[in-house]
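Enquirer: Each chain, letter by letter, is given below.
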Amino acid sequence: GENVEQHPSTLSVQEGDSAVIKCTYSDSASNYFPWYKQELGKGPQLIIDIRSNVGEKKDQRIAVTLNKTAKHFSLHITETQPEDSAVYFCAATPANYGQNFVFGPGTRLSVLP
Amino acid sequence: NAGVTQTPKFQVLKTGQSMTLQCAQDMNHNSMYWYRQDPGMGLRLIYYSASEGTTDKGEVPNGYNVSRLNKREFSLRLESAAPSQTSVYFCATDWVDYEQYFGPGTRLTVT
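In order, the protein sequence lines correspond to chains P and Z. Residue numbering for the first sequence follows this note's numbering, starting at 1 and increasing by one per position. Residue numbering for the second sequence follows this note's numbering, starting at 114 and increasing by one per position.
The set of hints was computed from the structure by calculation and includes no laboratory data. Every residue gets a Cβ at the ideal spot worked out from N, C-alpha and C, and that includes glycine. One thing to keep in mind: the hints can contain errors.
Straight line, CA to CA, 30 Å or less: simulated DSS-like cross-link-like pairs of lysine-lysine [said to hold, decoys possible]:
#1 Z/Lys-122 - P/Lys-37
#2 Z/Lys-184 - P/Lys-71
#3 P/Lys-22 - Z/Lys-127
#4 P/Lys-57 - Z/Lys-122
#5 Z/Lys-122 - P/Lys-42
#6 P/Lys-68 - P/Lys-37
#7 P/Lys-37 - Z/Lys-170
#8 P/Lys-37 - P/Lys-22
#9 Z/Lys-122 - Z/Lys-184
#10 P/Lys-42 - P/Lys-22
#11 P/Lys-42 - P/Lys-58
#12 P/Lys-58 - P/Lys-71
#13 P/Lys-37 - P/Lys-71
#14 Z/Lys-184 - P/Lys-42
#15 P/Lys-22 - P/Lys-71
#16 Z/Lys-170 - P/Lys-68
#17 P/Lys-68 - P/Lys-58
#18 Z/Lys-122 - P/Lys-68
#19 Z/Lys-127 - P/Lys-42
Covered, in the sense of this in silico footprint (three residues per stretch, anywhere, with C-beta under 8 Å from a C-beta of chain P), are these stretches of chain Z [stated by the list, open to error]:
#20 145–155
#21 179–187
Using the sequences provided together with the hints, build the complete structure.
Expert: Here it is as structure tokens:
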């Protein structure tokens, strides 16, 4: 089955710097890759996603890149702010798993003022 | 428009007790999901329902049962709780384009 790895598990950056989180997946047929942000005590919230026919997608300070050949995708946050501090999860949708996700273990991002 | 709601927010059970976690959505979505979240393990799918009247097992279904009561409601039942079921449980829903929306979670402790 699909296996999603995520690195790093924790990341600390200074306010204003960039943060990059990388995920790798095993099922080459996976075709949808979302990123979720989870703040303390809340449910995960979708922040950006990318589909397999696209290489990069941007939304203001957030971008996601996908390399299907290497089977990895990355979340890029520029000009980080303290409110970006949270746990970030990536996920992949294996082709034989309907619309179900396999999640990575998460990255705890701390933005230091 | 509340989105996805879950009850209760917190629950403490003794080993062997039973309980039902409730989830409701007002987004008119077809699919609903139950996940559990454990430290360092991300979210793991317990059961899902692609449409009213259907349910299927996910990655970790043992010890759980579900009911898709109608299009709005999807409940998760623990018949005989075990300490290994201590976790945070999330319900989610989506339409047809994969974008899942999560509820606020239920924090369950089994002693």
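Enquirer: Does each hint fit the structure? Answer for all of them.
Expert: Each hint, compared with the structure:
no.	hint	verdict
1	Z/Lys-122 - P/Lys-37	holds, 20 Å
2	Z/Lys-184 - P/Lys-71	violated, 36 Å
3	P/Lys-22 - Z/Lys-127	violated, 40 Å
4	P/Lys-57 - Z/Lys-122	violated, 35 Å
5	Z/Lys-122 - P/Lys-42	holds, 11 Å
6	P/Lys-68 - P/Lys-37	holds, 23 Å
7	P/Lys-37 - Z/Lys-170	holds, 26 Å
8	P/Lys-37 - P/Lys-22	holds, 14 Å
9	Z/Lys-122 - Z/Lys-184	holds, 22 Å
10	P/Lys-42 - P/Lys-22	holds, 23 Å
11	P/Lys-42 - P/Lys-58	holds, 25 Å
12	P/Lys-58 - P/Lys-71	holds, 19 Å
13	P/Lys-37 - P/Lys-71	holds, 22 Å
14	Z/Lys-184 - P/Lys-42	holds, 24 Å
15	P/Lys-22 - P/Lys-71	holds, 11 Å
16	Z/Lys-170 - P/Lys-68	holds, 29 Å
17	P/Lys-68 - P/Lys-58	holds, 18 Å
18	Z/Lys-122 - P/Lys-68	violated, 39 Å
19	Z/Lys-127 - P/Lys-42	holds, 25 Å
20	145–155	holds (count 4)
21	179–187	violated (count 0)
Checked against the numbered hints above, the structure breaks hints 2, 3, 4, 18 and 21 and satisfies the rest.
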